[in-house]
Amino acid sequence: RFTALHTLELGNNLIGDAFPTDFSALVNLRFLHLEYNQLRGAVTRDVRSMKRLRVFDVKHNPGLSGQLPEDIIVEWQDQDYVALLNTSMSGYIASLCIDVPFCWKFMYDTHKDLTWATAADVPDIVDITLALAQSGR
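Residue numbers for the sequence shown, in my numbering: 1 to 137.
Hints in this document: simulated from the structure, not taken from any laboratory.
Remember, predicted model here, so these are calculated numbers, not experimental data.
Glycine included, each C-beta is placed from N, C-alpha and C at the ideal position.
A few of these clues could be false.
[Said to hold, decoys possible] Restraint ranges, calculated between C-beta atoms of paired labels, are given here: (1) Phe106 with Ala42: 24 to 30 Å; (2) Ala131 with Ser24: 43 to 49 Å; (3) Ser88 with Gln134: 30 to 36 Å; (4) Gly136 with Ala25: 25 to 31 Å.
Please take these sequences and the hints and turn them into a complete structure.
What follows is the structure, given as structure tokens:
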């Protein structure tokens, strides 16, 4: 069902229900706008199936929880941004995106091979930059 759907725009509709549990059929979805509703519950891992997704906008749904799977960094190759502001979501992507209106892909997609997940050492440039910032120079 709905395999050819391109845009799902249901923002500002006061939808007060659980986050949909089956997005796996929406394989051609490009734009998902569910902002400014009253959605609640966890975002399911089914969202990974929307490999052509460009916009995932669920901001201003404070009852919305769960985590965006980290593998969307690789799976959503066409993605422009996610919008998670004013939700209760958690996890790696939410930790970077929860406090900004639009989290553009470059803000969290820095290593498509996920090397950031296994890197053990902090590069010297990071330490130098932090030291300069703290010194007030």
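How the hints compare with the structure:
{"no.": "1", "hint": "Phe106 with Ala42: 24 to 30 Å", "in the structure": "holds (27 Å)"}
{"no.": "2", "hint": "Ala131 with Ser24: 43 to 49 Å", "in the structure": "holds (48 Å)"}
{"no.": "3", "hint": "Ser88 with Gln134: 30 to 36 Å", "in the structure": "holds (32 Å)"}
{"no.": "4", "hint": "Gly136 with Ala25: 25 to 31 Å", "in the structure": "violated (55 Å)"}
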